[in-house]
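Undergrad: Got chain A; can you put chain B on it based on the hints?
Number of protein chains: 2
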Amino acid sequence: MVEPARRRAPRADAQVNRTRILDVAEEVFGAGGEAASTEEVARLAGVGIATVFRHYPTKAALLEAVLVRRFTRLRERAETQLSAGDAGRAFYDFFGDLVTDAATKIAIGDALLDAGGAHESVTEASQGLRRAVGKLLDRAQRAGAVRDDVELPEVYALLVGTSRAAAHAALDDEVRARVLAIVYDGLAPLPR
Amino acid sequence: MVEPARRRAPRADAQVNRTRILDVAEEVFGAGGEAASTEEVARLAGVGIATVFRHYPTKAALLEAVLVRRFTRLRERAETQLSAGDAGRAFYDFFGDLVTDAATKIAIGDALLDAGGAHESVTEASQGLRRAVGKLLDRAQRAGAVRDDVELPEVYALLVGTSRAAAHAALDDEVRARVLAIVYDGLAPLPR
Numbered sequence: 000m001v002e003p004a005r006r007r008a009p010r011a012d013a014q015v016n017r018t019r020i021l022d023v024a025e026e027v028f029g030a031g032g033e034a035a036s037t038e039e040v041a042r043l044a045g046v047g048i049a050t051v052f053r054h055y056p057t058k059a060a061l062l063e064a065v066l067v068r069r070f071t072r073l074r075e076r077a078e079t080q081l082s083a084g085d086a087g088r089a090f091y092d093f094f095g096d097l098v099t100d101a102a103t104k105i106a107i108g109d110a111l112l113d114a115g116g117a118h119e120s121v122t123e124a125s126q127g128l129r130r131a132v133g134k135l136l137d138r139a140q141r142a143g144a145v146r147d148d149v150e151l152p153e154v155y156a157l158l159v160g161t162s163r164a165a166a167h168a169a170l171d172d173e174v175r176a177r178v179l180a181i182v183y184d185g186l187a188p189l190p191r
Numbered sequence: 000m001v002e003p004a005r006r007r008a009p010r011a012d013a014q015v016n017r018t019r020i021l022d023v024a025e026e027v028f029g030a031g032g033e034a035a036s037t038e039e040v041a042r043l044a045g046v047g048i049a050t051v052f053r054h055y056p057t058k059a060a061l062l063e064a065v066l067v068r069r070f071t072r073l074r075e076r077a078e079t080q081l082s083a084g085d086a087g088r089a090f091y092d093f094f095g096d097l098v099t100d101a102a103t104k105i106a107i108g109d110a111l112l113d114a115g116g117a118h119e120s121v122t123e124a125s126q127g128l129r130r131a132v133g134k135l136l137d138r139a140q141r142a143g144a145v146r147d148d149v150e151l152p153e154v155y156a157l158l159v160g161t162s163r164a165a166a167h168a169a170l171d172d173e174v175r176a177r178v179l180a181i182v183y184d185g186l187a188p189l190p191r
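Chains as they are written, first to last, in numbering that gives the first Met the number 0: chain A, 0 to 191; chain B, 0 to 191.
The shape of chain A in the complex, shown without the other chains:
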């Protein structure tokens, strides 16, 4: 009888802690820089470093959990957009959102690589996002908003590339918007 009683309350606490740790870790590692460390995550989350390591035994495990959650949320958002009225707008808006949002995701991914490489769960979550983008693309093509002769590999490469350019060059909003406009024009059906 002792064991279940011991575990029930800590379990709820553990869930709260886990969520808070992931929220803080996403922010800390997303911002990158020298200060990004598991110690800093524990401090800002208001928990001991031992608590962080109990949930996530390594820095890589923590980063992995952050990335999986992020890819999963993006996939869910993409899937929500599959029922949007304007299929073209849903596709282009989602494309733009991903690029705008990319810098922190790339920083986290790079931190994970530094901490010992990505794991299968991250690859799976990122492939789930890719499939959802494929569905948005398919729907936008059927609606005549994206040219018929482009396929997911090149569209996804453009998405990754534009994201990496935005993150790498720390593009300001105006230049990023103009980059996206060029890509969108390239994706638009012929003749314009």
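Source of the hints: derived by calculation from the structure; they are not laboratory data.
On a predicted model such as this, the values are computed, not experimentally measured, just so you know.
A portion of the hints provided could be inaccurate.
Just so you know, same-sequence chains aren't split out, so a pair can sit in one copy or run between any two.
[Unchecked claim] As a list, the in silico SDA-like pairs of lysine to any residue whose alpha-carbon atoms are at most 25 Å apart:
(1) 134 <-> 54
(2) 104 <-> 85
(3) 104 <-> 141
(4) 104 <-> 115
(5) 134 <-> 35
(6) 104 <-> 84
(7) 134 <-> 167
(8) 134 <-> 14
(9) 134 <-> 171
(10) 134 <-> 59
(11) 104 <-> 52
(12) 134 <-> 38
(13) 134 <-> 41
(14) 134 <-> 174
(15) 134 <-> 112
(16) 134 <-> 173
(17) 104 <-> 134
(18) 104 <-> 45
(19) 104 <-> 169
(20) 134 <-> 176
(21) 134 <-> 32
(22) 134 <-> 47
(23) 134 <-> 169
(24) 104 <-> 188
(25) 104 <-> 124
TA: Below, chain B alone, put in the same frame as chain A:
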């Protein structure tokens, strides 16, 4: 009298060694991976590690020299294209060449970052390349091969982005060509 005699021959040797070290370093660090080290460069160049370090006291200095030479050569190639007959083709071909060629350059740049950051000379050389691309763009726009309303910042961001996508995702030739086709269509004058 001893000193000049001592120095003349070694100077010519030194130049040969330096060129060979840079050639090998470009190949070794461009390929990336675990085997990429200054020791490996010395071994493949057929010189002692002390010779490498006499020319390039640190790994960062060696990588810096490789990158500066590479950016300089690309700039020179771009400048040669400024007198090409077909200004549009000169611009698009150079854009495509840079993207195709990007993976090794990015690997060297990342190795330099790992080895202690980029130096001013690299930034200067890379800005020289950027200016040369700006001239190619300008000429292509005056020839009516690129739309008037795009500017260098977004074109360069696309160039960097497409390069990073090609390198990151290890795109095969066909997908890379289709990515470039979309970007070129986006850059083409309206109406098509």
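Undergrad: Checking an output row: residue 104 and residue 84, CA cutoff 25 Å. Within, between, both or neither?
TA: For residue 104 and residue 84, neither the intra-copy (29 Å) nor the inter-copy (44 Å) Cα distance is at most 25 Å.
Undergrad: Can you give me the call for residue 134 and residue 41, within, between, both or neither, at a CA distance of at most 25 Å?
TA: neither (39 Å within a copy, 51 Å between copies)
Undergrad: How would you label the pair residue 104, residue 141 (within, between, both, or neither) given a Cα cut-off of 25 Å?
TA: Cα proximity of residue 104 and residue 141: none, with 30 Å in one copy and 39 Å across.
Undergrad: Could you place residue 134 and residue 47 in one of the four classes (within, between, both, neither) given a Cα distance threshold of 25 Å?
TA: Classified as neither: same-chain Cα gap 43 Å, cross-chain 57 Å, threshold 25 Å.
Undergrad: Classify it for me, residue 104 with residue 85: is the Cα-Cα distance of at most 25 Å met within a copy, between copies, both or neither?
TA: neither (27 Å within a copy, 41 Å between copies)
Undergrad: Evaluate residue 134 and residue 14 at a C-alpha cut-off of 25 Å and name the case that applies: within, between, both or neither.
TA: Classified as neither; 33 Å inside a copy, 57 Å across copies.
Undergrad: Is it within, between, both or neither when you check residue 134 against residue 54 at 25 Å Cα-Cα?
TA: Cα proximity of residue 134 and residue 54: none, with 35 Å in one copy and 55 Å across.
Undergrad: Classify it for me, residue 134 with residue 38: is the Cα-Cα distance of at most 25 Å met within a copy, between copies, both or neither?
TA: neither (40 Å within a copy, 49 Å between copies)
Undergrad: Give the relationship of residue 134 and residue 173 under a CA distance limit of 25 Å: within one copy only, between copies only, both, or neither.
TA: Between copies only: 22 Å across chains, 29 Å inside a chain, cut-off 25 Å.
Undergrad: Is it within, between, both, or neither for residue 134 and residue 59, if the alpha carbons may be no more than 25 Å apart?
TA: Neither: 31 Å inside a chain and 45 Å across chains, both beyond 25 Å.
Undergrad: How would you label the pair residue 104, residue 124 (within, between, both, or neither) given a Cα cut-off of 25 Å?
TA: within (13 Å within a copy, 30 Å between copies)
Undergrad: Checking an output row: residue 104 and residue 52, CA cutoff 25 Å. Within, between, both or neither?
TA: Close inside one copy (22 Å), not across copies (38 Å); limit 25 Å.
Of the numbered hints stated above, those contradicted by the structure are hints 1, 2, 3, 5, 6, 8, 10, 12, 13, 15, 21, 22 and 24, listed in ascending order.
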